[in-house]
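S.K.: Here is how the chains run, residue by residue.
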Amino acid sequence: MSDAPHWEKQGNAAWVSCPRCAKWFPADPRLIAERRVELVCPGCGQSFFSTDTARVASSALSNAT
Amino acid sequence: MNLREHLAGCGQALWRIAEPLSVVEEITALQHLLSDAGRYPALFVERPRLADGRPSAMPVVTNLFASRARVAALLGLDDHRKAAVAFARLAAAPRAPLAVSRVEAPVQELVEADVDLAALPALRQHELDAGHYVTAGHCITLDPDSGIDNVSVQRCRVRGPRSMSFYPYPSSHNARNLAKWEARGERCPFALWIGHHPKVVLGAQAKLAHPQSHWSAAGGIAGEAVRLVPSVTHGARLMVPADAEIVIEGFVPPGVRVADGPFAEYTGYVGVQTAAHAVEVTALTRRRDALYADFGAGLEDHLVPENLAMEGRLYGMLKPLAPSLENVHVPFSGRRFHAYLQFRDPERGEVRDALAAALAYRRLRTAIALDEDIDLFDERQVLWALATRVQWHRDALRIDGLTHPNLDPSLPPGAATITKLGIDATLPPAAAPGKPKPFVPPNAVAPRALDAARKVLADIDMSGWPTA
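So the protein sequences, as listed, match chains R and C.
Counting along the first sequence from 1, when you hit position 63 you're at 63 in our numbering, and nothing is skipped either side.
Counting along the second sequence from 1, when you hit position 57 you're at 57 in our numbering, and nothing is skipped either side.
Any given hint could be a false lead.
As the list claims (entries may be wrong) - Simulated pairs of lysine to aspartate or glutamate, DMTMM-like, Cα-Cα distance not exceeding 20 angstroms:
{"hint": "1", "chain 1": "C", "residue 1": "K82", "chain 2": "C", "residue 2": "D375"}
{"hint": "2", "chain 1": "R", "residue 1": "K9", "chain 2": "C", "residue 2": "D400"}
{"hint": "3", "chain 1": "R", "residue 1": "K23", "chain 2": "C", "residue 2": "E127"}
{"hint": "4", "chain 1": "C", "residue 1": "K319", "chain 2": "C", "residue 2": "D353"}
{"hint": "5", "chain 1": "R", "residue 1": "K9", "chain 2": "C", "residue 2": "D408"}
{"hint": "6", "chain 1": "C", "residue 1": "K319", "chain 2": "C", "residue 2": "D371"}
{"hint": "7", "chain 1": "R", "residue 1": "K23", "chain 2": "C", "residue 2": "E25"}
Unchecked claim - One side only, chain R facing chain C, incomplete, derived with CB under 10 angstroms:
{"hint": "8", "residue": "Q10"}
{"hint": "9", "residue": "A13"}
{"hint": "10", "residue": "L39"}
{"hint": "11", "residue": "C41"}
It is worth saying that the hints were derived from the structure and are not from the lab.
The structure presented is a predicted model; accordingly, all values stated were derived computationally and were not measured.
The beta-carbon is built from N, C-alpha and C at its ideal position, and this holds for glycine as well.
If we strip away everything but chain R, and leave its shape as in the complex, we get:
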């Protein structure tokens, strides 16, 4: 959980970019943080782990672990 005061809004979706086609899509921050399950790009169908090959944009991600 975040240390931020409870009245400060925190997002709960992370955005991921596919390493093959660069399409951005929303993902559960826990899915990205845990790295147990391969993500699937809705654009090209590529499967990939959220390693350094994927770009991730989210302030919610820091709260997921």
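Starting from the known structure of chain R, fit chain C onto it as the hints suggest.
M.R.: Same frame as chain R, but now just chain C:
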């Protein structure tokens, strides 16, 4: 009782579309335009085009549930505003299902062991959807302790010829069953059925305890026993509706998770990609000339049947606690998060009792109590009551630490529970029955004045006058 019998009686409420619409967003786009126009025919797409451009051998039927009025008529109602009471009454009068043999089951006319799910006209409904989803799949799992089945509409994505993802919300009854099988290290028997008479679809969505089979409630609401047949894979252990259009059978293996989503959800927002169960498909059975049924996700078609079932469930839960409760509405505007409760002359404390109980229902976030003079189905009136009958320090009932609807897009990250709000927007009670309430009356003009005004307007052409 089946889908095609229903369609044959739809008349002008069914639009048969001969144009070859694509399963990739085009059918759903049509539903969006119809929703924007406030028109809700059922759609029968005779020649859907698959993603690769080939024509589908199966027609697609969708938008069957988009009209509250039509769905309420299925329950024998002349007014959809009576649905809560009717649904609660019918769900409380169950009819046991009827077992039939395989030769009596149209859904097993064809049994395909060499399954290719890509041949189904499963829709890819919205931008960002991760693929083709079975949206009107009524997913059946078993409670391993009791052997009792559970049915729920949950999203499944076609992953391959014999593979699907399966995303039951973590607090759902199917998820509870899966967790039990997983704890045993065993795979869970699974089947999903697609397409049936809308009364059976509506009845199967009755909100029940766990473990409790839905077939009897479905029969009660449908007014006729649901005919069941042993599944090809699981036999009599897992029964499926004999009169459905399509059944997909398989197992959910323990410990396996695959990515599911994004998927445009009932909230009106895209549900994020998340970890879901996988289904290993063993067989597909169907009618020879099967129809493929779909729900338009996030549209009225998706929300109306579920919200009607919620209205019935809430009415049935709250009426014993609050005898002055007269009606319940779960409005499309609030998706499944808001409920309006209507009371007539409640005793002191009764409204807050009902609000507290309503908020315990996982799917709700906000419950609003209103008087009998407010039309629950006119949100201008609901907001007027909120604006004029509520003092927040007195009338807001805030309860922390309650379970939440998992797909609420505003959830704080990682939240296991949330704060919910009950609002008492009723008027203060009268000093005694029959006495006026200690509150100012609403503005009104006399009936004779209204009659006079109506006569003046009777022959006037108003078409050129400004609208709101």
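S.K.: Given A13 (chain R) as an interface hint, is the shortest Cβ-Cβ distance to chain C below 10 angstroms?
M.R.: holds, 5 angstroms
S.K.: Below or equal to 20 angstroms on CA atoms is what counts here, so check K23 (chain R) against E25 (chain C).
M.R.: holds, 18 angstroms
S.K.: When the nearest CB of chain C is found for Q10 (chain R), is that gap smaller than 10 angstroms?
M.R.: Nearest chain C Cβ about 5 angstroms off; hint holds.
S.K.: Does the alpha-carbon distance linking K23 (chain R) and E127 (chain C) stay inside the 20 angstroms limit?
M.R.: Measuring from Cα to Cα gives roughly 12 angstroms; hence the hint holds.
S.K.: Does D353 (chain C) lie within 20 angstroms of K319 (chain C) when you go C-alpha to C-alpha?
M.R.: holds, 11 angstroms
S.K.: For K82 (chain C) and D375 (chain C), compute the direct alpha-carbon distance and say whether it is at most 20 angstroms.
M.R.: Within the cut-off at roughly 12 angstroms; holds.
S.K.: Minimum Cβ distance from C41 (chain R) to chain C below 10 angstroms?
M.R.: holds, 8 angstroms
S.K.: Is the straight-line distance between the alpha-carbon of K319 (chain C) and that of D371 (chain C) 20 angstroms or less?
M.R.: holds, 15 angstroms
S.K.: Hey, K9 (chain R) versus D408 (chain C), does the alpha-carbon distance stay inside 20 angstroms?
M.R.: Status holds; Cα separation ~14 angstroms.
S.K.: Keeping to a limit of 20 angstroms between CA atoms, is the pair of K9 (chain R) and D400 (chain C) held or broken?
M.R.: Satisfied, since the Cα-Cα distance of roughly 17 angstroms is no more than 20 angstroms.
S.K.: Going by Cβ atoms only, is L39 (chain R) closer than 10 angstroms to chain C?
M.R.: holds, 5 angstroms
Checked against the numbered hints above, the structure breaks none of them.
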